[in-house]
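> Chain by chain, the residues run as shown.
There are 2 protein chains.
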Amino acid sequence: MDVSEIDTPALVVDLDIFERNLACVASYAREHGLRLRPHTKTHKSVRLARRQIASGAAGLTVAKVSEAEIMLAAEPDDLLVAYPIIGHTKLARLTQVAGRTRVTVALDSTFAARQLSDAARAAQVEIGVLAEVDAGLGRVGVAPGEPLLQLAQAIEKLPHLRFAGLAFYPGHIKTLDGSGLRALAQLSDLLRGILGDFRAAGIETGTVSGGSTPTLFHSHEIHGLTEIRPGTYVFNDLNTVRSGACALEDCAATILATVVSTARPGQMIIDGGSKTFSSDRLADTAEVTFGHLVEAPGARFHKMNEEHGFIDLSHAGAGFSVGDRVRVIPNHICVAVNLHEKVYGVRGDLVEEVWPVDARGKLQ
Amino acid sequence: MDVSEIDTPALVVDLDIFERNLACVASYAREHGLRLRPHTKTHKSVRLARRQIASGAAGLTVAKVSEAEIMLAAEPDDLLVAYPIIGHTKLARLTQVAGRTRVTVALDSTFAARQLSDAARAAQVEIGVLAEVDAGLGRVGVAPGEPLLQLAQAIEKLPHLRFAGLAFYPGHIKTLDGSGLRALAQLSDLLRGILGDFRAAGIETGTVSGGSTPTLFHSHEIHGLTEIRPGTYVFNDLNTVRSGACALEDCAATILATVVSTARPGQMIIDGGSKTFSSDRLADTAEVTFGHLVEAPGARFHKMNEEHGFIDLSHAGAGFSVGDRVRVIPNHICVAVNLHEKVYGVRGDLVEEVWPVDARGKLQ
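Quick note, the sequences are listed as chains A and B, same order. Count the first sequence with my numbering and you get residues 616 to 979, in order. Count the second sequence with my numbering and you get residues 616 to 979, in order.
Extracted from the complex, chain A is given alone in its bound form (with noise of 0.2 Å):
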C-alpha cells in the first residue's frame, strides 16, 4: 500500500525517524548507566513497547491499570504505574497484573500506600512503591524534607509493599533555555539534599526515578538519578522541537489531512480539527497555533473545530486546492495518539505496517 492511498485524516509514523529516535534514547541510557523505562502513554501500543524493551529498555511505565492490563502482552519484566492507584477496583485488577509481572507503583499519600497494602495482603502479592516528591511541578507529590520522608517510614513499615526508592516528574522544565538549565541545576541540588536526608535517616533508596521528554538528553547531570521515564521521544512533537530537545527532523508521527474547503481566500480547512489533533496548545508560548505544516512551514493552523482545522495561507508562500493532502507535525503527540484507532508505519512512500492504538481511551 502506498501514503497516497492512506484515508485521512490518519496518523502517520515515519518508521526511519522513529527507529532512530528509539536507538538513540537507547544509547543515550546505556551510555550513562541510567535504566530506561520509557512512558508507553505517547504510542498506547504492545507493539513499539515490544521495540522498546528489544532496543533496551528495561521496563514499561503506564498512567493507568487498564494500561498496565494492556502492556503485560509486551511481556515486561517490570511494570511502573507512575500514578497514585485509589479505590478497591483499580486495586483488585492492579494485584492481578501483579501476579504475572513485577510492578511498582509511583504514590503520595499513606491513604494509597495503605489501601495499596490491603489489596497486596488479600491478593497475596508483593507491590514496590516509589514515594513521589514534588521536584516543582506543583502536581502530585509530597514536599521534600520531613513529608517525603514520613511517608517513605510509612511505606517500608506496610505489609506486601517494598519500599523501591524515589519517583519525580520534571513537567515544570519545558525549555532548555538558561531558565530551564537553571530549574535543572536546582533539581539536582534538590535530588542531593533529599538523598542526604534519607542516609541520614537510614533508608535505601534504590531507585530513583525521573526524567521527562523535555530534559532527556541532561539526566545524567542530575544528581543520584538512576532511571528515566521518557515518553514522547519515540515520537517527538511540536513542544519537544521548541523545548529545544529534537529538530523538526526528529518528529517522526505527522497528521496527513485532505483539504476540503478553499472558499474563503488565503485560508484553507483541512479535515482535522479537535478530534483528530486534540486541542492542545503549545506548551512554551501564548500563541495560538496546532501544528506545522510541512508542505507549508509558513502557513498558520490558527483554529479548530471538531472536524474542521483553519490554516492561514496568508503567508504560506504556497496554494492548495481542495483534495490537497498535507501532513501536520501536532503540539503534542500523545493526545492526538489516543485520537486515533490505528497507526500508519510508513518507510518512504510505502506503508509497511499499521498497528492498533491498543490502550486508546483506557481511562480507568
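The set of hints was computed from the structure by calculation and includes no laboratory data. What you are looking at is a predicted structure, and each value in this text was computed from that prediction instead of being measured. Every clue listed holds true.
The list treats identical chains as one, so a pair stands whether inside a single copy or across any two.
Here are the simulated BS3-like cross-link-like pairs (lysine-lysine), alpha carbons at most 30 Å apart as the crow flies:
| # | residue 1 | residue 2 |
| --- | --- | --- |
| 1 | K977 | K789 |
| 2 | K957 | K789 |
| 3 | K789 | K918 |
| 4 | K918 | K977 |
| 5 | K977 | K957 |
| 6 | K918 | K957 |
For this one, chain A is given, so just place chain B on it according to the hints.
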C-alpha cells in the same frame, strides 16, 4: 449497579435531564414547524440516535462517512453528511450508505460536487446536495451572492445529484447577549437576501438547514429556516450554559472523577485530564478553566495534564480527601464523549444502562 460502583474517570449521563432535553427540543421544533435533524457528533451513539428519531427527529446529521455507516443502525429515513466529502475512498463508501437510506451532503465547491456526482453515477444512486453558505463563521461555505448561486447551478446540472437547498452553520454566534442577538438578526437578513436571489434566479431551495445549540431556541426567528441540526442539546455543557441557551441544571452529562492527591495545600488532583475532558477551553472567555465542579462550584479547575486535573480549592468552601469523588460538567461535551468508550446512564443513584460510544474515534 449503584453510581458509587462506577470506576473513575467515567462519563455519566443523568437520564431524567437527558430525556427532558430531548423532549424540549422535539417539542420546540414541532411547535415552530421546523424539521429536526440532530447532529449525532455529540453522543456518537446508535442508541441515542434511535431515541432522537423516536421523539420526533426527521433524520440524523453526521460529519463523517464512518459516522454515517454507523448511524445506519439507527435506521434513519434520512442522513445528512454536513461536511464536504472529498476523495474516492470516502465517496465509494458514501454511495454504499446511499444505497441503504436517503443521503444528503452539504458541500461548498464544484470540485466536491463533481467528485460526488461521479461516484453517485458509478454506484447508480442519487444523492441530495445542500449548497453550503458562509453565514459569518468563516469556515466552510461559499460567500452569499454570485458564488452561492453559481454553486447551486453547478449542482443542479450534475447527474445523480439532487439539489436540495442550502446549509449554513451559525457557529460564530456563541452567546445570546446583545451582540449575539444582533448577529442573529443579521443572519436572518442575510437569508432573506439569499432566498430572494434564488427566487429571482428560478432556483427552488427546498431545505434551508441551519441551527446550532446556542441559537437553538431562536431558530424560528431566522427567516426561511426549515431545518435545525443541534447536537449538544442532548447533554448540554458549560459552553451552552454560558451561551445563555440552558441552565446548569440542564447539563445531563458529567465526568465522575476521583481525588488522587491532596499533597499540595489548597489544591487537589483528580484522575482526569486532557485525555478525559479534552483540553477545549471555554468558548466565550479568555479565562482558562476546564469544568464546573458540582460538589464545589467555587473550586477552580485551572490546569490539566493528560491524566491529571488540577483543582484550586482556595475559594472552594469545601475540603476533599484522597478517594473522594466529584462530578465535573465539562466545557465541551462533544469532544469529551469522543474520549470515552462507554457512557453510564443513571437515574438517581442507580445505573440504568451503559451504552458504547459507537462512533468514537471514527475519523474517516
